[in-house]
Amino acid sequence: MKELDPLLHSQLRLAIVSLLIQVKEADFSFLKEKTRASAGNISVQLQKLKDANYISIEKKFQNNYPLTTCKITNKGRKAFDEYVNDLKAYIHPNQTNQN
Amino acid sequence: MEEKHISPSESLAIIQEMVEKTKQHYSDDSFYFILWGWLTFSAALGHYLLLPVLHEASALVWLLMPLGGIISLVYGMKQSREQKVKTHLETHIGYLWKALGLAMLVLVVSTVLIHNGTLLPVFILLYAIGTFTTGCFIEFKPLIIGGALCFALSLLSFFLKENAQLLMIALSVLVSYLIPGHALKNKFKRRMNEGT
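Read top to bottom, the protein sequences are chains L and H. Quick note on my numbering: the first sequence kicks off at 6 and runs consecutively. Quick note on my numbering: the second sequence kicks off at 9 and runs consecutively.
Only chain L is shown next, with the shape it has when bound in the complex (with noise of 0.2 angstroms):
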């Protein structure tokens, strides 16, 4: 049975993902409410979906304070749809394989 994608297997970063893969972007504190995680631990897993290409992040200011917006990208996406599909072979393995 094919690895499960590490960058995904994660849990807040199939968190973040999952918000994102619904949206057309959000900002930090929507997933920061959504996810209920700390910011810093937030910031990180961003940096490194961000470093695999799988989101792109916009920094910019709106009076002084920082305004972070998320996206995600097509690799990302692709491999989001990867990742359930390969999921489903680990929960239904045996229709998976039929197929």
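List of simulated lysine-lysine pairs, DSSO-like, C-alpha gap at most 27 angstroms:
| id | chain 1 | residue 1 | chain 2 | residue 2 |
| --- | --- | --- | --- | --- |
| 1 | H | LYS86 | L | LYS29 |
| 2 | L | LYS53 | L | LYS7 |
| 3 | L | LYS80 | L | LYS37 |
| 4 | L | LYS83 | H | LYS29 |
Quick caveat, the hints were computed from the structure, so don't treat them as lab data.
Assemble chain H onto chain L, guided by the hints.
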């Protein structure tokens, strides 16, 4: 949510949880319907009532429309800055209304420049397309019904004289912008109260 080893079924649960949480995200889309609804309703009714007194000059009440454009632009920029998340649906609905707005602008310019009769039923047709489609996208029945009624009102308007068409414009924004707009606002408020 912290970093730890997860099983495939836990992964699935995370994906499901995040899908649910995104579904629970609502935005208040009623502002533009209410703003443009009241502006157009007032202008159409004002034009109709002032027509016997001021004649052609009564059309000046439509100068309210550029005011709506400025308010929409300022509100849109503010909302875009404050919005935590932009969904694909919101973006697509935005494109639809931008295209309809441009079509209405073309109609306004051609009506003013050519002066050969009224295009008011075509405006109602554009309201119909916008509200019916938006209603279907966001699955909101009052908009769908309002839009459907506008198709009928547009057809009817083609058979009417200009002053009666003004009343049809007022009626069409009442059923397709104002009533659904206020209903949408109430729905958003209810959802926000339920969420807190």
